[in-house]
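J.: Turn these sequences into a full structure, and let the hints steer you where they fit.
Those protein sequences? They're chains A and B, same order as listed. Residues 598 to 1086, numbered by the working numbering, are exactly what the first sequence covers, in order. Residues 77 to 853, numbered by the working numbering, are exactly what the second sequence covers, in order.
Please note that the accuracy of each hint is not assured.
[To be verified] Derived EDC-like pairs: lysine to aspartate or glutamate, alpha-carbon spacing no greater than 20 Å straight-line:
hint, chain 1, residue 1, chain 2, residue 2
1, A, K1055, B, D758
2, B, K680, B, E794
3, A, K730, B, D758
4, B, K100, A, D701
5, B, K250, B, E375
6, B, K106, A, D688
7, A, K791, A, D1035
8, A, K633, A, D688
9, B, K100, A, D690
10, B, K715, A, D616
[Said to hold, decoys possible] Looking from chain B toward chain A, a few residues come up when the C-beta cut is under 10 Å (computed):
hint, residue
11, T310
12, F517
13, F675
14, G712
15, P767
16, P779
17, F782
18, L844
[Claimed, not checked] From the derived model, a few chain B residues whose C-beta atoms are all more than 10 Å from chain A:
hint, residue
19, S122
20, E211
21, R239
22, G255
23, E256
24, R315
25, D373
26, K455
27, Q481
28, Q485
29, A503
30, Q564
31, G690
32, E713
33, G736
Quick caveat, the hints were computed from the structure, so don't treat them as lab data. Virtual Cβ for every residue (Gly too), placed ideally from N, Cα, C.
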Amino acid sequence: MINNQIQFLLNDQLTTLSDIDPNTTILQYLRQHQHKSGTKEGCASGDCGACTVVIAEAVAGKLRYKSLNACISLLPSLHGKQLITVEDLEDGDRLHPVQQAMVDFHGSQCGFCTPGFIMSLFALHKNFPDPSKHQTLEALAGNLCRCTGYRAIVDAAAAAKNHGADQFDRNVAHTIATLNSIARDTMAQLSLNKELNDGAQQAFSPLSLSQLSQIMLDNPQARLVAGGTDIVLEITQMHKKLGTIVYVGNVPELQKFEEHDDKFVIGAALPYSEFTPHLAVHYPEFGDMIERIGSLQIRNQGTLGGNVGNASPIGDTPPVLIALDAKLNLRCDDKVRQIAIEDYFVDYKVTSQQTSEFIESIEIPKPVSKAQQLKVYKISKRFDDDISAVLATFNLTIENDVITKARVAFGGMAGIPARAANCEQALNGQPFTQATIDAAKAQLASDYTPMSDVRASKDYRMTVAQNLLQKAFIEISQPQTNTGVVQYA
Amino acid sequence: MRKLVDLPTKESSKVAGKVGVSHKHESADKHVSGKAVYIDDRPDRSDQLHGAIGQSTIAHGIVKSMDLSKVKAHPGVEAVITSGDVPGKVDIGPVFGGDPVLVEEKVEFMGQALFAVAATSHEAAVKAAKLAVVEYDELTPVLSVKDALAKQNFVRPTHTQSRGDAKTAIGQSKHKLSGELQIGGQEHFYLESQISIAEPTEEGGMLVYSSSQHPSEVQILVAEVLGVPFNKVTIDMRRMGGGFGGKETQAAPWACLAALLANKTGRSVKMRLNRFDDMTATGKRHPFENTYDVGFDDEGLVKGIDFTINGNCGYSPDLSDAIVDRAMFHSDNAYFLEHANVVGNRCKTNTVSHTAYRGFGGPQGMISIEGVMDDIARKVGKDPLEVRKLNLYGQNDRNVTHYGQTVEQNILPMMIDKLENDCDYQARRAAITKFNHENQFIKKGIALTPVKFGISFTVQHLNQAGALIHLYTDGSIQLNHGGTEMGQGLNTKIAQVVAQEFQVDIDNILVTATRTDKVPNTSPTAASSGTDLNGKAAQAAAKTIRGRLVEFASEHFEVTQEEVIFKDNFVHIGDKTMAFAELVQLAYLNRVSLSSTGFYKTPKIHYNREQAHGRPFFYYANGVSCSEVVIDTLTGEYKIERVDVLHDVGDSLNPAIDLGQIEGAFVQGMGWLTTEELMWNDKGRLLSNGPATYKIPAIADMPEHFNVELLQNEPNREATIYNSKAVGEPPFMLAISVWSAMRDAISSVSDYKQSPVLHTPATPERVLDAVMQMQQD
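T.: Here it is, written out as C-alpha cells:
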C-alpha cells in the first residue's frame, strides 16, 4: 500500500502534505507555500546558510536538533520531524535568548544572513548549552556574513550560553508524542505525487530495504536522494526536474552504524555528523578532514553513500576510503555484492554500479597495527566549507624504519579519485628515508596528469601533492617539528 | 475638533539613543526574528509576474539573429522584450554612455542581457530565458589589461597627476627599484542578490521597490527607458541585504527591466537575480595591474616615483573614471612623494563592467605604495615599519599631496607610535625573527601599515544631501533622508542626531523608507559619506523645527529664546516644564509648522581636474593595523594569528556601529587579499561564478586574536556632524597589513634579502609560488 502523503510538525502544527511537487525545496515551501519569509535565499546551493532551519527528531525519548540548508533539502526528508524556523523562536513578544544576544552584541548589520545565524545558534545551544569556541565555529562555519566580520556573532554565541529552558523544552513531551504518533501511523510506504506540465513528478520514501529494492527494480531511472546536498543542485541551479525521486533517509538499514573488531560498517544514508566521532577515534586525521566537508548543515544531511555515489573527481572521502581499502556493499533486489571502493570509480562521473543497484553500506577496516599511520591533507583556498584543490591520503605502515605497506590516493589529481600506483611502488619495502621519499615524490608525476581549473593550476597541484608526501614524512619521522598552520581543534 | 493624545507626565532621567552611545541597530530586533522585510519578502500581488534575463554566451560579437519563439511558447510566459521594445532610451550608463539595458547589436561580455522575460513564476521565467537560439558573428575579445594596453583600448582617456620631476629625481637617486603588482578584483557578494519590483501607476508611471544605494539614479533611468518625466517614477528603498558599492549603479538595470516588463504587461513585475546570474551579470571591484619605478636614498626615503595605474574597467565606463582617479589619489597613501608622476589608464576589456566597491579604487592605489615600502625596506635592509615612518607626511613641511591638498590634522604618526607600542610590535618582531630561525617549514610574518583615506565624492556636485522631518501631535517624529540603509547603521545614526537635537528618546523617531518622492535628487549612499551628508541635512531640518518651537515658546510664554531648553524628553521654558509632546501640541494649536526639509552641502572642497590640483577631500580618515600571519612553506597555506587595529572615527556617533564597520571592513578586505579569487577563462567566461568557487571569509577565517580600538579624544577638526568621521570604506584598507605580513613571512625564507612578488589574492598557490621564488634566488 502506498500512502500519498507525508506528515511533520511545522513548529507546533501537525502538517500533512500531499499533491505537491516533490522537487519543492523546504525553502520554497516555506516562502512560497507558507508565506513565511523570515528564512532567506542567499545562494540556493547550500553554500551561504541564509536559509538555515532546524529539524528536531525524536531519538530515544529526547529531541535531537540539527541545522540544515532549507534551499537544498526536499520535502520528503521532513516526514516524522519537527521543522523550526526563525519565526518560531520568539516566545510571545519576547525574543529567544539567542536572538536577544545577537541584538545585545550588535551581531546583525544588513540582517539578511541573520535568520540563518539565529537558527544555527539555536541548534548549537540546544546541543551544547555552554559551547566551546571550537563548537561555536563549527556550528557557524556554514553561515556566511558579509557585513560584520563575525566577531560580534562569536561574542553573542558565548553570551547566550546556559540560557535555560525555552518553549521548545517546555513542550518536549508533547512534541515527542506527536512525532511518535506520526511514526506509528506510518504503516505504508510514503510518496508524493504531482502531475505537472513537465511530466509526472513522483517521490518515493521507502521505509525498508525491501521496499527500496523493489522501487529500484521497478524504476531503474529513479534518482536516489539521501542528504540531497549535491543532487538537489540540479533542481535549484540547473533548473531541472528529477523525475522519480527515491528518498532513502527513512530506510533503517541504510542508517546503521556498526563497529566490529576489525571494521566499521556504515549505512550509505547515515549523515556524516552521526558517524564521524566514532571514526575519528581510530583515524583522527580522517575525522578532522570530514569536519571540513561542507558545513555542519551539510554534514547533518550529507552521507558517505552520497559522497561515493556521485563520483566526484575530488572527494573528499573517496581518496581516504581508497587508501584505507574500504569496501562497498552494492545491493540489487536481494543480492549484495562487495567490491573494493577503488573499483567503483571507472571514469569521470562513471561508476561500476549496475542498473537498479544501490550502495547499501561502506565497510572501513580498522587499523591493523600501531605501525600504521594515516595522514590526510586537504588543500583549499578557504579552510572551511570549500571544495579541495587537492586531497591527499597516505596510509603507511612502517616497521623497523621500513615501509612495509603503502597505500596512497589523491583527489583532484585525475578524473577520478585514484591511487598513486608508482608512488606506492617506490615506497613499498623501502627504508623510511628522505631518499625513498624523494623517489616516491618523483613518481607522482608519472601517476597523475592534473588539470588547471578554478581551484588550482596543474603545476600547483603537482607541487603540493609532492610536498604533502614530504610533509607526511616529516610529521611521522620528526613528530617534534612544527609543520602545520591549519588547526582543526 | 479631534482629540489630541494624552501626554506623559513622568520625567525620564536622560535621553535614550542620543549621539555618542552604542544604541542598537534600528532593525536589530526585526533582523533576528525574521520580521525585517526585504524586497523579495513582500507578498506577491494577485497579478504578480516574475522577470528573468536571457544572457549572451559569448564575450564579444554581433548578434546575427535571435530566435525567441521557444521562450515565448514556454508555459507561464506573458511577455518577452528586446532592446527594440524599449520606448525611451536604451542606454542606461550612469555617467557616460555605453550600458544598453538590453543588447542592441553588439555583445561586449559573456552574460550580458540580450532579452528579458516575464512569466507567472520565477521558475518559469528562468527556464524560459534559457530557451533562446542566438547566432553571433564572433569577434576576438580583449580579456587582459596587457592586451588592452597594447591595443590602447580604453573606456575613458588616460589621466595624469604630477608634481615635480619624477624621472629626473629617480635618475639621480642612489637606489632604484621597479616592479609590477597584479591586484585581483572582488565580487561584492551581498547576501541579498539584486532585486526590484515595478508596479505600474495610473499616470503611466512606475512605483519601483529597488534594492539600491542610489534611488534617485534608478528613478532617472527608469523614467528614461520608459520615456516618461521623472515625476512619474517613484523609488522606494527600505533596506538592502548588503550593498558595498555593488548596488550603486548595478541595481538600476534590474529596476529598468522590471519597469519595462511591467509597462508592457500592465502588471507588477519582480526581477530577482539568482546568485549565479547576479555574479555573471553585475560588475565587481576592478582588477588592477600597476607598475612603478622608484628612486630612494640609503635610508629608504623616496626621492621620486613613477606610477602607472591600470584599472581593468570591463566593457563600459560606468564609474571607472572616478574609480581610477581615486586609485591615483591614494597612490601616496600616507607618504610624501616629493617628485611623483601618476598615470591612470582605464583599460577596456570584454568582461562585465567593473564598478564601485568599498574603497572605490583607493585600495588598489594604496596597496601599490605599501608594496613599494616593503620593497624599499628589503633593499636598504631595514624593518619595513622604519621605512614607512621615514616617508610619512610631515606636520608643517612635506605635508602636501601630489595633487596639492595639504594634509591637516596629521595624526597618523601619533597613531602608528601608539599601536606599535600597544601591540608590542618590536618584541614580537624579535620573537618572530627567532621563530623563523628555529623553524624550517613554518614561517611567521608581521606588518604594521597605515591608512589615510580622503573623504568626499571627488565629483563635487554629489556632496549634497536632503532630509525631511515631520513632528506629529503626540510628539512622535518621522524622519526621512536621502541616504540608504544597507546594514551600515545609517538610519540609526541619523535618528541619534535627531534625538540629540530634540533631546527626545530615539524610540520616538521612526526612520522611514528612502523614497524619491520624499527627498528628491539625492546622491548615492557611497564614498562613506552617508552619515556626514545626511546627518547634517537631518540636523538642519531638526534645527529649523526646533527654532520654530523655541521662537513660538518664547513669544507664547514671554521668555527669552535662551530660556527655552530642550532636555531629557522635556522642554524647560523659563520656570515652566512641559513634556516635549505638550509643546508640540501647543505649537500645533497655535498654527506652527511642524515639518521641515533640511539641506547640506560640503564646504571647502574644490578641485581642478585639468591641472590635477586642489582640495578634493574635506578631510582624511586614518587608521593603523598590525597583522601577524603564519605560513606553511610546503603548501602555501596560512593563518592570520593576530590583528590589532587603531582607527580614527573622530568623535564616534555610535561606537558599537563604528566597531562593526571596522571589523567588517577589515575581514572583507582580508578576503579580497586572500581567498577571494575571480577567474575568467580564455573565452571570457567567469569561472568563479558562485559561492562554491568564490570564497568569501567564513567565521573561522576571522583572525584568531582580533583587537580593534577606536582612537579617543581626537574629534574631527572639520565641522562634520558632531565632529565624527566617515567609517564605511577606510578600514577596508587596514587589511593591507595582512598581505604585507605574508610578504614578510615569505621574505624570511631569503633571510629578508628579497622582496617577493605576491600578486593578489594571495591564495595558497600564490604564496607557495612566492616561497619558491625565494628558494631559487
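J.: Which of the numbered hints above does this structure break?
T.: 3, 7, 10, 11, 13, 24, 30, 32, 33
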